[in-house]
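A.B. asks: For chain A, the structure is supplied; the task is to place chain B on it using the hints.
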Amino acid sequence: MNANMNTQPRAVIAEDEPLLAAALRHELAGLWPELQVQAMVPDGRAAVAAALAHRPDVLFLDIRMPGLSGLDAAQAVLEDWPDDAGLPPLIVFVTAHDQHALAAFEHAAIDYVLKPVEPQRLARTCERLQAALVQRVAQTSAQRSGSVEAALAPLRALLQERLDEAAAPFESTEPLRVLQAGIGNTLHMVPVAEVIYLEAADKYVRVVTANGEHLLRSSLRELLPRLPAGQFWQVHRSTVVRAEAIATVTRSENGKLTLALRGCADKLAVSRLYACRFKAM
Amino acid sequence: MPFDWPAIRRRVAYVAAFNTVIALLVSLVAQQSFVLTVVQSQCIGLSILTLMELAGWWYGSRGQETSRLSRALVVLACVLSGYALGSVLGSLLTGWSIWQQWGQAPRLSLGVLAVTLFAGVAITAYFMFREQIARTQGEAEAARRLAAETQLRLLQAQLEPHMLFNTLANLRALIAVDPPRAQAMLDHMIAFMRATLNASRSGEHTLADEFARLADYLALMQIRMGDRLRVDLRLPDALRDVRVPAMLLQPLVENAIKHGLEPQIEGGELVVEASVAEGRLCLVVADSGVGWSAVPPATQSFGLQQVRERLRAAYGELAQMTKGDQPAGGARVALSWPQEALPVSLAGACS
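Protein sequence lines correspond, in order, to chains A and B. First residue of the first sequence? That's 468 in our numbering, and the numbers climb one at a time after it. First residue of the second sequence? That's 8 in our numbering, and the numbers climb one at a time after it.
So that you can see chain A by itself, here it is in the shape it has in the complex:
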């Protein structure tokens, strides 16, 4: 836990346009002089790395960045945030004009800032952030985990919305029943019902069945909307499990959930974003 959290709040800014990043920093310096901007990074991956390295209290993320988008970076930061690093940062998205994104942010009650920066609006955002940080210090640990949950909810909502949109074109078509994995001259036809879990690996997806593994040249994001709805659950940004293949869910002492699978010895970790799915009935 960072003892001087309140007096020296720290931030990381992720913005690919150098002038705009400088402008945001400049405006923040005027409105919130105590805020220390520890790093300014130009893309999504650098943002995740900087957030995990510096462990800031506030993270400003441009939603459109090369490499990883702001939303994906936010997910990565929250999922990979170490348990012993205190609370994950408060996230503020930055956008130029994206009717669609704005509607999603309003809907998910997520904080955002528009570019060009409007000082008044930024001032209000800063006030909200300051209040939230003060509250964090004053909370007990039980309350804190509650507020982290509350902070995760909007992000989860945004991610779900993105998923729903991706699924829309496939609504009227039949879900995939067979996955086709090519290797050399052979095409392996893997029935979807035999898949235990799918894991994203670089530009490929690892398909794990009881009999072995296959590689698909696809992204998890492209594949998920086409799988039968409801049968496959996302438990981490790079892992999707067939629900019926889950044998048990075990909670460790620090609250982490682990899945044991039928037909496979692998154990899968559930990220805090998706942990709410696994509750006793």
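No wet-lab data here; the hints were simulated from the structure. Beta carbons are placed, not taken as given, at the ideal position from N, Cα and C, and that holds for glycine. Honestly, I wouldn't trust all of these hints.
Unchecked claim - Label-pair distances were calculated between CB atoms; the ranges are:
hint : chain 1 : residue 1 : chain 2 : residue 2 : range
1    : B       : K330      : A       : P500      : 50 to 58 Å
2    : B       : E276      : A       : A605      : 47 to 55 Å
3    : A       : T653      : B       : K330      : 53 to 61 Å
4    : B       : P334      : A       : E680      : 29 to 37 Å
5    : B       : G336      : A       : A496      : 48 to 56 Å
What the hints assert, rightly or not - If you want the ones that stay clear, here's a sample from chain B, every Cβ over 10 Å from chain A, calculated:
hint : residue
6    : A24
7    : P113
8    : L153
9    : V184
10   : P345
C.D. replies: Structure of chain B alone, referenced to chain A:
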């Protein structure tokens, strides 16, 4: 081919009405039972109509273009065979023998035949004429709508809000930090927006103008992307005055940046080059970005489609557009047309 039942019903109604009128006249003149005459008349008339509909469907489903002569012959054949068929049917239903009728009142029968023939041809001609008009009107309407939609989309794409607000944001930031540079950027923006708004009206300008407008747009993008965007515009002096459709290359340059260079963390180069080879003028937009395979096909097509259509409209079938990969990575789009060809101006159509 589906049957257009409402239209068919309409035609049956017209013909049945016509037959009834004829029957009325004939029954008055020949002083015979109106009811039986009507039956006979409907048999003849509707048989002719049925044969004509079948003929129309037959030709329609084959999609062949028929000459006037063959159409006239078909109409004649339908009328005559319809008359014969209808007469036989009519005499079966009414109990009158058609031969008897011809024998007893040849002039009347001839008159009826002549009227039937005339009516058959006239009615067919009328319907065909109306269909032709409707079809031509439909095509003209569709063409106008396409032109309007394209104009609107061109404008929307070029004044894209995301681009606009990002540019303004950068401009605002520059004003405090580097006022002269802010002014220069604003000048580029003004020139670009003027060209965008004019492009849908004037239709064409010289290659020198085209490259100048691209330079404006790229200057704006360079402020935003910093040294992630390196630009190389190559226009030989000899080609400066060649006339081309206004803002023809704009969508290609936008695509190259948006899909090719922006997603690449280190950015890359954008090259726009004009040259002449073997009598053809060649315009190439190439980038060292992520290449075609990284872009989903649906997004690829809109900008390219627009350019293809404008190219087709300006230079017809002689123009060519090819897209492919750069050997060292990245995408490349090349447009070419015969050097001597002048673009067909759409100024008239748009105003």
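A.B. asks: Please write out, lowest number first, the hints stated earlier that are contradicted by the structure.
C.D. replies: When the structure is compared with the hints, numbers 3, 5, 9 turn out to be violated.
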